[in-house]
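Student: Please work from the sequences and hints to get the whole structure.
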Amino acid sequence: MNKNWIFYSVMCLLLIVTIGAAAVFSYSEEEAASATAYKLTGAKRPTDGILLGAGSINAAQASAVVLPEWQGREQVAQWNEGETLEWTVNVADDADFELSLGYYPLKGNGQPIEFMLYVDGEAISDPYAPFELNRLFYDEPGALKRSGGNELRPKQLEGEVWLNTKVAAAGELEDGPLRLSLKKGEHVIRLENVRESAVVDYLQLTKVTNTQNYAEYKASLASNASDGSGKTFVTVQAEHAYAKSASGLFPTTDRTSPLTTPYSPTKLRINTIGGSNWDAPGQWISYKFEVPADGLYKIGVRYHQNEVKGSFVSRKIELDGSVPFQELNAVRFPYELKWDVKELGEEAGKPYLFYMAKGEHELKLEVTLGDLAPAAQSIQQMVYDLNQLYRKIVMITGVKPDIYRDYEIDKSVPGLIMQFEKLSAQMKEEAVRLDQLSGQANAGSRNLKLLALQLDGFIDRPDQIPKRLENYKTNITALADWMLSAMKQPLELDYLYIASKEQERPQAEAGLIAQSMHEIRAFAGSFLQNYDSMEGSEDAERSIQVWTGLGRDQAFVLKRLIDESFIPETGISVNLNLVGTSLVTAVMAGEGPDVNLFTSRGDTMNLAVRGALTPLDSFSEFDSMRKEYMDTAFIPYQYKDSTFAIPDDQEFFMLFYRKDVLKELGIEPPQTWEELLKIAPVLQNNNMQIGLPYENLDAFQLLTKGIGSLNLFPTLLMQNGSSIYNEKEDGTRFDEPQAFTAFKQWTDFYNLYDYPLYKDDFNRFRTGEMPIVVSTYKLYTRLAAAAPEITGTWDMVPIPGMKRTDGTIDRSTGATGTASIILKDAKNKDDAWAFMKWFNRPEIQSQFASELENEMGVLGRRVPANLISFESTNWSRAEQANLTEQWKQVNEIPELPGGYYTSRNIDNAFREVVFQMGNARESLFYWNKGINEEIKRKRYEFGVEQ
3 MNKNWIFYSV MCLLLIVTIG AAAVFSYSEE EAASATAYKL TGAKRPTDGI LLGAGSINAA
63 QASAVVLPEW QGREQVAQWN EGETLEWTVN VADDADFELS LGYYPLKGNG QPIEFMLYVD
123 GEAISDPYAP FELNRLFYDE PGALKRSGGN ELRPKQLEGE VWLNTKVAAA GELEDGPLRL
183 SLKKGEHVIR LENVRESAVV DYLQLTKVTN TQNYAEYKAS LASNASDGSG KTFVTVQAEH
243 AYAKSASGLF PTTDRTSPLT TPYSPTKLRI NTIGGSNWDA PGQWISYKFE VPADGLYKIG
303 VRYHQNEVKG SFVSRKIELD GSVPFQELNA VRFPYELKWD VKELGEEAGK PYLFYMAKGE
363 HELKLEVTLG DLAPAAQSIQ QMVYDLNQLY RKIVMITGVK PDIYRDYEID KSVPGLIMQF
423 EKLSAQMKEE AVRLDQLSGQ ANAGSRNLKL LALQLDGFID RPDQIPKRLE NYKTNITALA
483 DWMLSAMKQP LELDYLYIAS KEQERPQAEA GLIAQSMHEI RAFAGSFLQN YDSMEGSEDA
543 ERSIQVWTGL GRDQAFVLKR LIDESFIPET GISVNLNLVG TSLVTAVMAG EGPDVNLFTS
603 RGDTMNLAVR GALTPLDSFS EFDSMRKEYM DTAFIPYQYK DSTFAIPDDQ EFFMLFYRKD
663 VLKELGIEPP QTWEELLKIA PVLQNNNMQI GLPYENLDAF QLLTKGIGSL NLFPTLLMQN
723 GSSIYNEKED GTRFDEPQAF TAFKQWTDFY NLYDYPLYKD DFNRFRTGEM PIVVSTYKLY
783 TRLAAAAPEI TGTWDMVPIP GMKRTDGTID RSTGATGTAS IILKDAKNKD DAWAFMKWFN
843 RPEIQSQFAS ELENEMGVLG RRVPANLISF ESTNWSRAEQ ANLTEQWKQV NEIPELPGGY
903 YTSRNIDNAF REVVFQMGNA RESLFYWNKG INEEIKRKRY EFGVEQ
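Count along the sequence shown from 1, add 2, and you get the number used in the numbering used here.
Just so you know, the hints here were simulated from the structure itself, not pulled from any lab data.
Note that beta-carbon positions come from the ideal geometry of N, C-alpha and C, so glycine has one too.
Certain hints may be false.
What the hints assert, rightly or not - Cross-link-like lysine-lysine pairs, in silico, BS3-like; alpha carbons within 25 Å at most:
#1 Lys931 to Lys746
#2 Lys147 to Lys290
#3 Lys394 to Lys561
#4 Lys680 to Lys394
#5 Lys402 to Lys290
#6 Lys890 to Lys629
#7 Lys318 to Lys503
#8 Lys402 to Lys413
#9 Lys561 to Lys829
#10 Lys424 to Lys451
#11 Lys394 to Lys424
#12 Lys318 to Lys290
#13 Lys490 to Lys780
#14 Lys761 to Lys402
#15 Lys469 to Lys761
#16 Lys360 to Lys340
#17 Lys41 to Lys109
#18 Lys360 to Lys318
#19 Lys780 to Lys931
#20 Lys186 to Lys157
#21 Lys360 to Lys475
#22 Lys561 to Lys826
#23 Lys147 to Lys157
Said to hold, decoys possible - Label pairs and their computed distance ranges (CB to CB):
#24 Asn308 to Asn60: 48 to 56 Å
#25 Ser487 to Pro70: 48 to 56 Å
#26 Asp95 to Ile461: 47 to 55 Å
#27 Gln383 to Phe917: 56 to 64 Å
Tutor: The following block contains the structure:
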C-alpha cells in the first residue's frame, strides 16, 4: 500500500512538472506596443490673479540677483541657497489667497527646492518643515535594457523646463494648497531659500474660490457637446509616465496577474508603476494622450490597492492643469485583494464624462490624504494629548507605580478627569467618522473605541489608573501605529484608459482557466528562473565577485545601480551576492569575493593583519578620493602604514531632546556635561530620566563594531584630552590621570546620579519619560518614521562637551561604521578597483542613499561617509548643519590586533564599579593590564614586534 502511494505521488508530481514545462515552453510572449514619445514642455506664464514678476522684487531687501534673460524669459531672478526674494503687494480686499511660483530648477543634488515664507515679517513655515517646490523627472527614452532576459527599470532623468507649482501646506498631515489670509492694503512677502537653487520668474497670488461640483460642470458644457467617436478607447500604460515629481517614482514589476501588460509568466517585465514608492502626499505622476475627436469621454484605471486594509487611498485628479470639479479633489481607491478596474465617478451610479477637444491632453494623479486628512490630524493631536497626560501621571507615580498605593491621581494632576472626558468624547466621535468613511469597522476605529472605553474606566475609578498605566501606554502606541499607516497612501497602476461612454469597462482579473494557466507557468518557471539572482552576464569577458552583508532590499537597490550605470560604463560584469557574517571564514577557506561592501571595521582589521586584503594606497586616484572624506575617517582601516578600506558610512552620537518637555520645566538643552548634571535633579524630581549610550556586549560586537560608539567612555576620554591608544599604538593610555577622570565621570553617572543603564530609548523618548537622550543619529530615523505624533516637538543637536579655556566646547567623540575592501586574492584587482571607484563616487553614493530611502522610507536614511554625497541626502539643511558640526569633532579610533580586549575589559571594569561597587581607580588599573598584555601578545603573533 505504501509503495503504491509513493508511486502515484511521484507520477502526479511528474505529470504536474510535465504540464508546467509544456505550458512554459508553449507560451509565446506578445510584443509590447511602443509608447508614444511626448516632448517635455514648460508651464505657460499665467495671466490671472496677482502676478509679481521677479523684476519687481524689492532689490534693497532681496539678495537674489535679477538676470536680464534666462531660457526664453526676461527679468528673472537667480535664487540660490541662503538668498532671499521679497515683493510688496497691494491687496484690494480682505481675502484668502493661494500662492504659486513660476521657476526653473537649476542642476543640483536632485532634492526639492526648500524655502521659508514670511508675510509682513511673520514666519509662516517651521524651519524644520519648510515649503517645497518639486522638480520634474521622466524616464530615459528608448528601449528598456535587459539582464538575463529580465527588463531593467529605465534611468530617471531630470526635466529642464519651466514649472508652475502651487505651494502646498507644509507638514506630513497637511493636505491641499497653502492659504494666506491677507487684509486689504499693502503686504510684504519674503521667500528665503534653504536648499537647492532655481531661477524664479514670478510669484502668483490667486483668490481661493469654490470649485464647481460635477453637476455644475456637466451643466456648463455646451448643449451640443457631442459624445465624440463612440468607438474610442485609448489605453495609456501606467509605466510610461510623461512626467513625475520625484525620481523615486520609477516603473515597477508585477507578476500576480496575467492581465497585467506587458506580461511574461517567467521573466520580469516593467509593467506597472507606484505601490509603496507612491504613497506620500504631494507626489504626482502625469500622462499625456490624444483623443481622435471633440467629445465626452470617461476615464478608467486598472489598479491594485491591497495594503491599506479596510480603508481606501486617495488621489487628486487634474486634467490639462486644473481640477475640473470638486469630486476629483479626492478620488477614492478602495481596498481590493486582487487587481480591479475603476471608472472615475462610478460610485455615484454612472462614470463622470469629461469634455475633451480633439488632440493632446495631460492627466495628473497626485497623492492626497483626502477625506482622511481631518481625522488623521485630529487623531495625531489626541495621541499627543494622551502622551502628555501619561507623562504627567508618571511625574507623580513613576514608571512603575506601587499598585497598592493611592496616589489620588485625580487631585494630583489638575483637570485630569475633565481632559479624559473630553478625549473620550472626541475618540467616540472620530471612531464613528472613520467607520462612515470606510463603510466598515477598521483598525483605527477599533483602537479609538478601546482607548475611549479605558478612559471611561479611568473616569469612573481614578484609583485604578496606576494599575492600568502600562496597558494605557500600549493602547496609545497602537493608535499611533495606526495613524502612521493611515498617512501612507500606496497605489499601483497597470494602465489608464480614456473611452467613449458606450465602451464596456475592461476585465479586471483573469478567469479561472487563464489564472490557473498563469500559476502553472509561473510555478514551472520558478525552477528555470532564479528571481533572487543577482548574477552578472555569463557571456561577459570580464567579471568580478562582490559580496555585501546588507539586507535584500538594499542589495537589490545596489544591483539596479550596477546594471544601470557600472556595467554600461565599464563592460565589467558583477556577480553580487548576499552574505551574513561568514566573510572571514570564507576568505580563510579561499572562497572569498573580489570586493566586499559594508564590511565592519573589526572584520577589516582581522583580514588586514592576516595579509588577506589589498592595500589601496597604490591605486590611482586614491589620494584624491581621500579628500572627499573627514580627516580621521580612514584611521580604523589603516595598518602598518597602509590603508585597506574606503569608508561607506560613519555612525556617531547626537543629543536628542524634547523641546516641549524642557520648555515646560524651564530647562535649556545642555551644552556641557556639567549642565547635564545640573538638569538631572529637576528631571528626576519629576520622575523623568536621562538616557546615555551603553550596549551590552556580545562576541559579535567585540569583534566587529569597534569601541567608538559602544558606550560613553571614549567620548569622555577624548574630551578630557586623552585617547584610547598611545602614539606607537602598542598600548593604551588608561594609566594617565585623564583616563581615570573620564572613567570616574562615566561610572558616576550611574552610581551617583542613578541614570538608567538598560532602557528603551525610542519609547521612553516618545512618551516623554526620558526627554534627553544621547544616542547615534539612527534614533532620528526611528522617531521620524514611527513617532509622527511628536513631530516638531523634538530636536537633534551635537552632544554635550567640556568647555575649553578659550570658551569653546570640546564635543569630541568616537564612531563606528563600515567600509569597502578588495581581497588580496582578487583575480583582477584593476577591475575590482574600478568598481570601488565607481561605488564611492559622490553621485553614485547620493543615488544609492536616495533610492534606499525610496525603497525603505525614512528608516533607510543613512549618512554616507563621502562628504559631497552627504550634502545631497534627504536630511534637511538644519539637520545637516547639526550633523556636520558633530561630525567634524569625530576622532576615529585605530583598530589594533587584540583591540577586542579593549572593549571587553573596559566593560568589565565598568561592571565591577557599577554592579559590585568596586574602586574606580583600582578596577581601571587591573583590567587595563590585561588589555596591554593581549595587545602585546597579538603584535608578536602577527609579526609587528619581534
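Student: Hints first: check each against the structure and report whether it holds.
Tutor: Going down the list of hints, with the structure as the test:
Distance check on the hinted pair: Lys931 and Lys746 sit about 18 Å apart at the alpha-carbon level, within 25 Å; holds. As the CA atoms of Lys147 and Lys290 are separated by approximately 24 Å, the hinted pair is consistent with the 25 Å bound. With a C-alpha separation of about 50 Å, the suggested pairing of Lys394 with Lys561 is violated against the 25 Å cut-off. At most 25 Å may separate the alpha-carbon atoms for a hinted pair to count; Lys680 and Lys394 meet this at roughly 22 Å.
Of the supplied pair hints, the one linking Lys402 and Lys290 is violated, its CA atoms being roughly 61 Å apart against a limit of 25 Å. Distance check on the hinted pair: Lys890 and Lys629 sit about 14 Å apart at the alpha-carbon level, within 25 Å; holds. Annotation: proposed proximity of Lys318 to Lys503 holds, straight-line Cα distance about 22 Å (limit 25 Å). For a cut-off of 25 Å, the pair hint linking Lys402 to Lys413 stands: about 20 Å separates their Cα positions.
Distance restraint check for Lys561 and Lys829: the Cα-Cα separation of roughly 21 Å lies within the 25 Å cut-off, and the hinted pair is therefore satisfied. A hinted pair counts as satisfied when its Cα atoms are at most 25 Å apart, and Lys424 with Lys451 qualifies at roughly 14 Å. Proximity of Lys394 to Lys424 is assessed by CA-CA distance (about 17 Å); at most 25 Å being required, the pair is judged to hold. A C-alpha spacing of about 17 Å is found between Lys318 and Lys290, which places the hinted pair at or below 25 Å, so the restraint holds.
The straight-line distance between the Cα atoms of Lys490 and Lys780 is roughly 22 Å, inside the 25 Å bound, and the hint therefore holds. Between Lys761 and Lys402, the direct Cα distance comes to roughly 13 Å. Compliance with the 25 Å bound is thereby established for this hinted pair. The straight-line distance between the Cα atoms of Lys469 and Lys761 is roughly 21 Å, inside the 25 Å bound, and the hint therefore holds. Of the pairs offered as hints, the one joining Lys360 and Lys340 is violated, with about 35 Å between alpha carbons and a cut-off of 25 Å exceeded.
Restraint check for Lys41 and Lys109: the C-alpha separation of about 20 Å stays at or below 25 Å, so the hint holds. Restraint check: the Cα-Cα separation between Lys360 and Lys318 comes to about 24 Å, which is no more than 25 Å; the hinted pair holds. Annotation: proposed proximity of Lys780 to Lys931 is violated, straight-line Cα distance about 35 Å (limit 25 Å). This hinted pair does not check out: Lys186 and Lys157 have alpha carbons roughly 50 Å apart, beyond 25 Å.
Distance hint between Lys360 and Lys475 is unfulfilled; the C-alpha atoms sit about 60 Å from each other, more than 25 Å. A threshold of 25 Å between alpha carbons decides the hint, and for Lys561 with Lys826 the separation of about 24 Å falls inside it, so the pair holds. With a CA separation close to 10 Å, the supplied pair Lys147 and Lys157 stays within the 25 Å bound. A hinted range of 48 to 56 Å for the beta carbons of Asn308 and Asn60 is consistent with their spacing of about 53 Å.
At roughly 51 Å, the beta-carbon separation of Ser487 and Pro70 lies within the given 48 to 56 Å, and the hint holds. The beta-carbon spacing between Asp95 and Ile461, approximately 49 Å, falls within the hinted interval of 47 to 55 Å. Between Gln383 and Phe917 the CB atoms are about 44 Å apart, so this pair departs from the stated range of 56 to 64 Å.
Of the hints listed earlier, those the structure fails to meet are numbers 3, 5, 16, 19, 20, 21, 27, in rising order.
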